[in-house]
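Peer 1: For this one, chain A is given, so just place chain B on it according to the hints.
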Amino acid sequence: DGGITQSPKYLFRKEGQNVTLSCEQNLNHDAMYWYRQDPGQGLRLIYYSQIVNDFQKGDIAEGYSVSREKKESFPLTVTSAQKNPTAFYLCASILVTGLVGRGKDTEAFFGQGTRLTVV
Amino acid sequence: GDSVTQMEGPVTLSEEACLTINCTYTATGYPSLFWYVQYPGEGLQLLLKATKADDKGSNKGFEATYRKETTSFHLEKGSVQVSDSAVYFCASNDYKLSFGAGTTVTVRA
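Quick mapping for you: the protein sequence lines, in order, are chains A and B.
Heads up, the first sequence stops at 280 in my numbering, and the numbers go up one at a time, no gaps.
Heads up, the second sequence stops at 1217 in my numbering, and the numbers go up one at a time, no gaps.
Next up, chain A with everything else stripped away, as it sits in the complex (with noise of 0.2 Å):
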């Protein structure tokens, strides 16, 4: 079955260290984005990618990494210059189509969800 898969589900990180959050998706969409998710502040985007080998800041970028080096994949490195990072992250996934080339009609996909939590 064709789906996003983000893995671990829970995420324990000490202060100082860096962690990696995967997601993989096997639906051949061209864009991916990741959001994090804090209670009453809805979803914040954190990184995007359009197409592989490229990515943009969204508009929490700072303390952030990200990769696209291939089609299915989209890491999304939490450095230890991330001050808060004890949140719940979120990536989708989305066909683009069209002329227009960006997507703008087409559902997103998301995955189940990393809980990250700084001990």
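Don't read these hints as lab results, they were simulated from the structure.
A portion of the hints provided could be inaccurate.
Computed footprint of chain A on chain B, listed as stretches where at least three residues anywhere in the stretch have a Cβ under 8 Å from a Cβ of chain A [stated by the list, open to error]: (1) 1154 to 1160; (2) 1203 to 1212.
Not the full set, but computed from the structure, chain B residues with beta-carbon under 8 Å of chain A [unchecked claim]: (3) S1140; (4) E1150; (5) G1151; (6) F1197.
We treat Cβ as the ideally placed atom computed from N, Cα and C, and that holds for glycine.
Peer 2: Chain B alone, transformed into the frame defined by chain A:
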């Protein structure tokens, strides 16, 4: 930049009551508009969408109409059920997918 503002919750309703969640957007272009729903501990699922002005999206008894003149995309349902309890997100996509803050809806039997 582009953004989405939606009604703050939480909203608590009795079964069979009417639900309206307000959503407005700001955009420099012509975004597509979406409503997503999130059940506890899960990712988001698409509820409905509209891709151009005056389009109406509908699904599972929910409706929303793309109003360009008022830059709005309000979500409505005429008779809610306990199973509609969830967090609802309004979203817009022109060159990137942006979400509102989410509205928590609880329906009591």
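Peer 1: Taking the hints in turn, state whether each one holds.
Peer 2: Hint check results:
no.: 1; hint: 1154 to 1160; in the structure: holds (count 3)
no.: 2; hint: 1203 to 1212; in the structure: holds (count 8)
no.: 3; hint: S1140; in the structure: holds, 5 Å
no.: 4; hint: E1150; in the structure: holds, 6 Å
no.: 5; hint: G1151; in the structure: holds, 3 Å
no.: 6; hint: F1197; in the structure: holds, 7 Å
The structure agrees with every numbered hint stated previously.
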